[in-house]
Amino acid sequence: MTREKIMTELFEFSSPTYYKWTKQDKRKIFDLLNYAFTNNELEEFIKTGKINKIEELGNQAQLFELAIRFYKTSRHITNFKIAKNLLYLLERSYEQNNNSVVIEKIAEAIYKSDRELFEKSDSNKNFEIITSMKLALLNLIQKQDIFVLEYICKNRKELEKSSLRKSTTKYINKIDFSYANLAYRA
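When we follow the numbering used here, the leftmost residue of the sequence shown carries the number 753, and every step to the right adds one.
To be clear, the hints were calculated from the coordinates, so they are not data collected in a lab. It is possible that part of the hints are untrue.
Said to hold, decoys possible - No farther apart than 30 Å at their CA atoms in a straight line, the calculated lysine-lysine pairs in the DSBU-like style are these:
| # | residue 1 | residue 2 |
| --- | --- | --- |
| 1 | 913 | 857 |
| 2 | 802 | 757 |
| 3 | 824 | 886 |
| 4 | 906 | 824 |
| 5 | 895 | 833 |
| 6 | 836 | 802 |
| 7 | 833 | 778 |
| 8 | 886 | 805 |
| 9 | 805 | 913 |
| 10 | 864 | 805 |
| 11 | 836 | 913 |
| 12 | 857 | 824 |
| 13 | 895 | 836 |
| 14 | 805 | 824 |
| 15 | 913 | 895 |
| 16 | 833 | 799 |
| 17 | 824 | 799 |
| 18 | 778 | 757 |
Sequences are here, hints too, so could you generate the full structure?
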């Protein structure tokens with residue numbers, strides 16, 4: 753389909769109107785459409801009412817937020833080390849299952865992973881506490897959408913970095929605030 757045909761279908765006007773708007777009036781909407789979208793993407797929009805590229809961009813931000821929430825919740829349930837080990841365990845399970853999320857395999861890995869998930873010093877703690885943590889983590893995983901778990905498995909390092917950046921910023925802001933109070937009092 754030519755660009756002219758796409759625009760006439762998209763705006764539902766005739767070819768002469770298209771030429772008038774582009775050549776004489778030089779309307780900026782056409783510059784924007786030419787800049788942002790290819791012919792294939794506009795054809796896709798005409799046929800389906802959606803553009804996959806735009807849908808994926810919106811979903812990525814939402815998936816990232818859900819993944820961060822999952823990571824923070826797992827840290828709240830356990831601690832920083834165990835939550836980090838859980839992300840690593842999820843990633844490894846994903847890779848071992850041919851890049852697919854299998855909840856049963858993840859559950860197996862969690863129940864077998866006293867040394868991997870919990871550090872050696874933690875594994876000497878009360879057995880009941882560790883078992884309840886495992887159940888809580890498994891419950892958290894089961895509540896997640898498969899797409900969120902897949903996103904976590906693919907982007908483990910980015911999640912850890914982003915979470916670390918945010919917590920470091922909060923800590924630095926607290927330090928700055930404390931020094932400001934000390935300076936004010938002096």
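Structure-based check of all given hints:
1. 913 x 857: Judged against 30 Å, a Cα distance of about 26 Å means the pair holds.
2. 802 x 757: 18 Å, holds
3. 824 x 886: 16 Å, holds
4. 906 x 824: Measuring from Cα to Cα gives roughly 17 Å; hence the hint holds.
5. 895 x 833: 22 Å, holds
6. 836 x 802: 37 Å, violated
7. 833 x 778: 59 Å, violated
8. 886 x 805: 38 Å, violated
9. 805 x 913: 26 Å, holds
10. 864 x 805: Cα-Cα ~40 Å, so violated.
11. 836 x 913: 11 Å, holds
12. 857 x 824: Holds - the C-alpha atoms of residue 824 and residue 857 are around 23 Å apart, at most 30 Å.
13. 895 x 836: 19 Å, holds
14. 805 x 824: Given pair residue 805, residue 824 holds - Cα atoms ~29 Å apart, limit 30 Å.
15. 913 x 895: Cα-Cα ~24 Å, so holds.
16. 833 x 799: 49 Å, violated
17. 824 x 799: 41 Å, violated
18. 778 x 757: 18 Å, holds
When held up to the earlier numbered hints, the structure conflicts with 6, 7, 8, 10, 16, 17 and fits the remainder.
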